[in-house]
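Asks: Under full-length UniProt numbering, residues 1 to 164 are what the sequence shown spells out, in order.
These aren't lab readings, by the way, just hints derived from the structure by calculation.
Computed from a predicted structure; not experimentally measured.
Any given hint could be a false lead.
Claimed, not checked - Taking CB as the label site, the calculated pair distances span:
id : residue 1 : residue 2 : range
1  : Lys52     : Glu30     : 13 to 23 angstroms
2  : Lys81     : Thr118    : 31 to 41 angstroms
3  : Arg125    : Leu38     : 17 to 27 angstroms
4  : Leu22     : Asn103    : 15 to 25 angstroms
5  : Asp27     : Pro128    : 31 to 41 angstroms
6  : Arg84     : Leu22     : 29 to 39 angstroms
7  : Pro21     : Arg84     : 11 to 21 angstroms
8  : Thr65     : Asn24     : 35 to 45 angstroms
9  : Lys62     : Asn117    : 14 to 24 angstroms
10 : Ser34     : Arg125    : 17 to 27 angstroms
11 : Tyr50     : Glu121    : 27 to 37 angstroms
Claimed, not checked - Here are the simulated BS3-like pairs of lysine-lysine, each with C-alpha atoms no more than 25 angstroms apart in a straight line:
id : residue 1 : residue 2
12 : Lys62     : Lys81
13 : Lys81     : Lys54
14 : Lys43     : Lys81
15 : Lys43     : Lys126
16 : Lys126    : Lys81
17 : Lys126    : Lys62
18 : Lys126    : Lys58
19 : Lys43     : Lys62
20 : Lys81     : Lys58
21 : Lys58     : Lys43
Heads up, the beta-carbon is just placed ideally off N, CA and C, and yes, glycines get one too.
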Amino acid sequence: MRENLSLNQYNKKFLFIEHNPLFNRYDIIERIRSYTRLLTHFKQVGIIYYRKNKYVLKIISKNTTSAYPGQIHALIDMFLKDCRIPIIYFTENGAYDLSNTSNAECYISGLHTDIPNTIAEYIHRKYPAIETVLSKINYLASQVLIIAELLQSNNDIFYLLPRQ
């Protein structure tokens, strides 16, 4: 059992979803690609975005990058098909609870904008997901990836809650 646990902790996946058809910040994708090569706990990072009248899933691993066009729901299913549940869904409306983050295998976040409610509802119907808040302040998607990586290796991260 211990061997499987240690193997699974290095087989994690992170999916970013960008629904805005006007998204043109490809520097964010390049930054995520660079960070992915440095990660130890995540084997794949996926980015779904809209380009040239279709959705594209870009899957980035340490040495390769692949792109797949398709319908957004099919691309989400393609990336999350091997994920054990629950999935951690980083959102502004989630709970301030990081206790499950190091045990999960798969993570989802918006890329440049939040994931629309229709897509979030699809994810919740198909995959049990725990909504978690990292911060109420703005941050870059690439920072979410680094924070998620740090959460895997250090359970003693100090978490500041907003003033009530």
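Asks: Given a hint of 14 to 24 angstroms, does the C-beta separation of lysine 62 and asparagine 117 actually sit inside it?
Replies: violated (34 angstroms)
Asks: Within a Cα-Cα threshold of 25 angstroms, do lysine 43 and lysine 81 meet the stated pairing?
Replies: holds (15 angstroms)
Asks: Go ahead and decide if the range 35 to 45 angstroms is satisfied by the Cβ distance of threonine 65 to asparagine 24.
Replies: About 19 angstroms separates the Cβ atoms of threonine 65 and asparagine 24, which means 35 to 45 angstroms is violated.
Asks: Does lysine 43 pair with lysine 62 here, judged by a C-alpha cut-off of 25 angstroms?
Replies: holds (7 angstroms)
Asks: Between the alpha carbons of lysine 62 and lysine 81, is the straight-line distance 25 angstroms or under?
Replies: holds (20 angstroms)
Asks: Look at the Cβ atoms of lysine 81 and threonine 118 and judge whether their distance stays inside 31 to 41 angstroms.
Replies: violated (21 angstroms)
Asks: Can you let me know if the beta-carbon spacing of proline 21 and arginine 84 is within 11 to 21 angstroms?
Replies: This hint is violated: roughly 32 angstroms between Cβ atoms.
Asks: Can the suggested window of 31 to 41 angstroms be confirmed for the beta-carbon pair aspartate 27 and proline 128?
Replies: holds (34 angstroms)
Asks: Lysine 81 and lysine 58: Cα distance at most 25 angstroms?
Replies: holds (15 angstroms)
Asks: Does 13 to 23 angstroms hold as the CB distance between lysine 52 and glutamate 30, or does it fail?
Replies: Holds, at about 19 angstroms.
Asks: Is the hinted pair lysine 126 and lysine 81 satisfied, with a Cα-Cα distance of at most 25 angstroms?
Replies: It holds: about 11 angstroms lies between the C-alpha atoms, which stays within 25 angstroms.
Asks: Need the status of pair lysine 126, lysine 58: alpha-carbon distance at most 25 angstroms?
Replies: holds (21 angstroms)
Of the numbered hints listed earlier, those contradicted by the structure are 2, 3, 4, 7, 8, 9, 10, 11 and 17.
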